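*Asks:* The primary structure of each chain is shown beneath.
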Amino acid sequence: MIVRPKPGLWEVAFALSGSILPRIAGRLAVIALIAIAAVLAAEARPGLFAQISAIPFTLIGIALSIFMSFRNNACYDRWWEGRKLWGSLVIACRSLARRVSILDEAERRLVLTGAAGFAAGLAARLRGGDEPAAIARHCEGAPVTAVNPTDALLHGIGQHCLTLMREGRIAPIHHSLIEEQLHLMAQVQAGCERIALTPVPFSYSLLLHRTAYIFCLALPFALAGTLGWWTLLPVLLVSYTFFGLDALGDQLEDPFGLEPNDLPLDAMARTIEREMLAILGEADLPPPLAPEGDVLR
Amino acid sequence: MIVRPKPGLWEVAFALSGSILPRIAGRLAVIALIAIAAVLAAEARPGLFAQISAIPFTLIGIALSIFMSFRNNACYDRWWEGRKLWGSLVIACRSLARRVSILDEAERRLVLTGAAGFAAGLAARLRGGDEPAAIARHCEGAPVTAVNPTDALLHGIGQHCLTLMREGRIAPIHHSLIEEQLHLMAQVQAGCERIALTPVPFSYSLLLHRTAYIFCLALPFALAGTLGWWTLLPVLLVSYTFFGLDALGDQLEDPFGLEPNDLPLDAMARTIEREMLAILGEADLPPPLAPEGDVLR
Amino acid sequence: MIVRPKPGLWEVAFALSGSILPRIAGRLAVIALIAIAAVLAAEARPGLFAQISAIPFTLIGIALSIFMSFRNNACYDRWWEGRKLWGSLVIACRSLARRVSILDEAERRLVLTGAAGFAAGLAARLRGGDEPAAIARHCEGAPVTAVNPTDALLHGIGQHCLTLMREGRIAPIHHSLIEEQLHLMAQVQAGCERIALTPVPFSYSLLLHRTAYIFCLALPFALAGTLGWWTLLPVLLVSYTFFGLDALGDQLEDPFGLEPNDLPLDAMARTIEREMLAILGEADLPPPLAPEGDVLR
Amino acid sequence: MIVRPKPGLWEVAFALSGSILPRIAGRLAVIALIAIAAVLAAEARPGLFAQISAIPFTLIGIALSIFMSFRNNACYDRWWEGRKLWGSLVIACRSLARRVSILDEAERRLVLTGAAGFAAGLAARLRGGDEPAAIARHCEGAPVTAVNPTDALLHGIGQHCLTLMREGRIAPIHHSLIEEQLHLMAQVQAGCERIALTPVPFSYSLLLHRTAYIFCLALPFALAGTLGWWTLLPVLLVSYTFFGLDALGDQLEDPFGLEPNDLPLDAMARTIEREMLAILGEADLPPPLAPEGDVLR
Amino acid sequence: MIVRPKPGLWEVAFALSGSILPRIAGRLAVIALIAIAAVLAAEARPGLFAQISAIPFTLIGIALSIFMSFRNNACYDRWWEGRKLWGSLVIACRSLARRVSILDEAERRLVLTGAAGFAAGLAARLRGGDEPAAIARHCEGAPVTAVNPTDALLHGIGQHCLTLMREGRIAPIHHSLIEEQLHLMAQVQAGCERIALTPVPFSYSLLLHRTAYIFCLALPFALAGTLGWWTLLPVLLVSYTFFGLDALGDQLEDPFGLEPNDLPLDAMARTIEREMLAILGEADLPPPLAPEGDVLR
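Residue numbers (the working numbering), protein chains in the order written: chain F, 1 to 297; chain R, 1001 to 1297; chain S, 2001 to 2297; chain C, 3001 to 3297; chain B, 4001 to 4297.
Everything labelled a hint here was simulated from the structure, so no lab data went into it.
Since the structure is predicted, the reported quantities are computational estimates derived from the model, not experimental observations.
There's no promise every hint is true.
[As the list claims (entries may be wrong)] Footprint (simulated), chain R over chain S, 3 or more residues, beta carbon under 8 Å:
1) 2049-2062
2) 2067-2074
3) 2148-2157
4) 2163-2176
5) 2271-2279
Glycine is no exception: its CB is placed at the ideal position from the N, C-alpha and C atoms.
Could you put the whole structure together from the sequences, leaning on the hints where they help?
*Replies:* If you want it as structure tokens, here you go:
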């Protein structure tokens, strides 16, 4: 996540960090070269592009905007749903801590470090990191299975609470309150896996990519005949908008990655860890993660 | 589901696998032939299409884009809701496994293989496969009724748990936690059946199909008079976008089929099976399903 | 609901059943006549419509498309929400059956035929049929009140279950599980009543109907001067799209009626009845409802 | 709420009741006068508006349509959410009645008339009526506080049920089922208050009002030069659509008022009262509210 | 939040308070100067901008409107979700008060002042105020930790209720009803933190800011050649709409700030305080917050 104050006039004009511009600069340069070639050709042989008019391009451009807006929306929704799921994880951990607050110190520690380990494990799982290692940093002796270590950790906590209930140390209703939060954590995990494993349909992205490319490549020829050197302005502006939104959509589509606009999973896992440890009464907490450059990961 | 990395420039230009292009190639060829005929006719008799102008086509094209975007949205929502429902099934199975984790081995096995069988049965049911056979592969002696075998399996698990409660082997509250997950599984089944059995209103699809066809067939005549051979570019671009989105919408509308962009039900059922068996402590798990070509089913 | 396979090229071109075309044919004919009159007038006195241009009509047409798309969306959402509610009814009935599966045969029969009667009563209520008769076909001796027979049936089942709990025949927690499903059924009923009794604001539909009519009536005059006989093509295409979507919106707005694109309430109530009877172990089930023509009701 | 059958061709052409037209007639007349003045000026001095063209107005008009569609959407969502909340109130009252159906007659009466009083009090509160009086009509001796009488009534019912539980007359689980419905009623109240007290951001409405006014005032000058007397048609059609949607948005934005398209709170409160009294076995129920003119309030 | 009656014709024309105009006046002035310069240049050297036409600007302007509408939507949704969360807080506090209404006076006071303190603390937290001080004003001796004082307050209440349950002073089920509301309050806090800490992706806002600026700066040159002094009208209207929506989006994006259109957190916290104190039977309540100027904060 990019952590910057709202851009003032100066940043709007010149900011590069946080901008999508560097990522699409190459494509814009190609389009600019083609536009220059088209203008030169039109000047050399005035009648060359006389027939091709801008009107059908208005139609295609607006249709394309409508469909790109749809894909954009879908990608943004994925990103925001990912953020909501991690927000649910924060809620679940806090309510879990509240609901175990009269258990013995050892039981509480097991549950609360388990919650911190769950968050760290999930972050590692979603980012392709070392999931068992991330869990082990927080909770010693956590069960490690090959198939799904993060869920196995939750399974262990749940089994432990069931045992507490069977031994009569917590009332069945009290157990159900705790288990409710574990269920919420399972929801977060499966929800994140759903977003991470199921991208927007490939054919969809491909179709829009292709149409946008062909449109931006053909536009200079439609304008060069009448606009002359002014052609560069609308062509670059349209290409900047279309390619920029396209590249942003690619980043937001998979919100758990490490690109600048992705969600700061590690920072959120650290926040959860800090809160859990503070509730356990620990004095020296690990510091919150700081952004590198302007980017919090 | 098509499993491919994000397309680079090369794939954008030339990828055929995963593209919707092969499916609509025939229609595009027809449109291209008509456009060529229109240009030839316009060249032979210059005044032939002089009267017909592109302006009303801009209006129709944009209106059509707005309505197609609406249908597209509805189809995508169906696809994504189907995915969410299967994500809920994963959650329900994991929480179910956690909540029965202190039962006897035999009871647990019955419930967990039942969950795996439910997922397999639901996948077969939604894809028109052999539902009782799919269930029987996982749980021996499952009740098989003609009307709804997958729900009958769930009914059996629920009845078994009720009996456990009546015999005092699990507390009523504990039983309600288990039953809550069975209810979630029933929600998934009926939600999937709703999507599978209730398509987008037929008249709606027909209306948009027809308008898109007539629009693409008439467009060449509107452009041929002024654009000459340039006519081919916007006509093919518009047809590619409209027919492509249309064909994609058809695939996403019924997300449980076997077409390339449909949901990988079998792979998800296998994932659930693997997780359930791992929790039961089995060592040799069936391997996860691998994509055939680029498509995971 | 129209039950047809996806339309092939032939159906797209010529299907009448399932199409909205017959319903708007009269209006299209009027528009066609006006367009022909406009063209004839323009040919007779060439300067007559010279001043009126197509550009403001592009503006109005696109604005109208945006607003019609909004109404369309609202109507489709009502239709889909209605379907979701009936899906919830299926879920509630199945979970209810599971949760009473260890009661005595007589108790179970009372609850399950009650569920079937509730579905039939709700369908009759929403379609203006004979509600008490529909209920009585399934459950003998059901309470019949003038104000709300379907809710009175649910009230009776709930009271019966409360009595079972007070007599100690089911545990309070078990009773709460059953009552949860009855609450879900009450949600379905009130949700359906909400959709049936509260149409899209009348002024809204009237405003859009009027604008669409005036637009389609005026369009021929804007185009006749320049397009000549080509005028008919865009005018009819635009009128077909606008009137067609309008008529479809009218059908979807009230999804519980008997028009071709409405929801198949009777068929769904029959499905519920069949599943409930199968769970009760009955052998000769009533057959599922078959579509008449292509329409399932 | 306007209660009329779907408009036929005749109503579409001439209906005034239910139309937004009377409310915006003054503004349309002003626009018409300006348009006439512009045409007369253009005829008197032909070159006067020669320079101003319709093209930038197409751009502004479409942009404005997109943004108005957004505000419209937000207003409609508020209206529909208000309706959903009152639908939830119906559900809560019915389920509440079912769940207290085995209490003593006196207890049941207290709860059920309390529910009817809650609905009447909420309607009065949202419409700025006499809240304590509305409540007192249904339940004698209800607590009246200055701050929030409707919530105080609910508080009283809740306290009474808690007392019943403490005295052992209802089981704790049974009490939780009753309290669940009271919570749902509290949700409805706070949800309605949210909509009533928080309008769409003022600056937003102001910005769109202003842009729409300036656009409609300037449009005649852009068209008068080329369209002559035809100018009136598009100008009035655009003004009718924009002003009409604007006025409708204003009505839907605050759905609890007394304007024609607002929700029929009093009629819904009466429905709830009738159902509660029927469940109590009363014979002479107050009649359902009838629409005045075509409007149900 | 701006508290003003619906604007009449006079306010629409001249209102400054509540308008976004003062905030963007500087930018509009710059655009006006550039437009004047462009017109003067076009008059001085008539052929200067002859080549640049308005058509590509129509395309870019509509595409930009579609994408700005998307950002606008996202910002409005954040604002409305923030309001919904605070509405949930009201619900949670009222239901909490109802559910503890038979506890001893001292216990009730602890819980109800705790709820008021939670609301005040959350408001301070979201606005960067002094969180521990805001809490301490309501509840003496509340636990103050560095990491998260507002959640620590909730943790304290939860722990207290658990102790009440363990001591047998409230039944486990009754405890679960109370804890349910505490969970709802934790949901509100984490939901608000999510909105406050995760802005709309920075690159997104930057891209749209940039495109809007370049578009408005370039538009005068496209129109000056043909429209002459009329250029000012569409240029200023477009700039007003685009910059105005942009500035409004910036305000709504972070709905918890102190700008005019932000949510009135302090007023809502005061409302909760008043209701809690009234339920405790206190006679002299603090007055509701009054708007300053037209703005309630």
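*Asks:* Each hint should be assessed against the structure and marked as holding or not.
*Replies:* Against the structure, the hints come out as follows:
no., hint, result
1, 2049-2062, "holds (count 6)"
2, 2067-2074, "holds (count 3)"
3, 2148-2157, "violated (count 0)"
4, 2163-2176, "holds (count 5)"
5, 2271-2279, "holds (count 4)"
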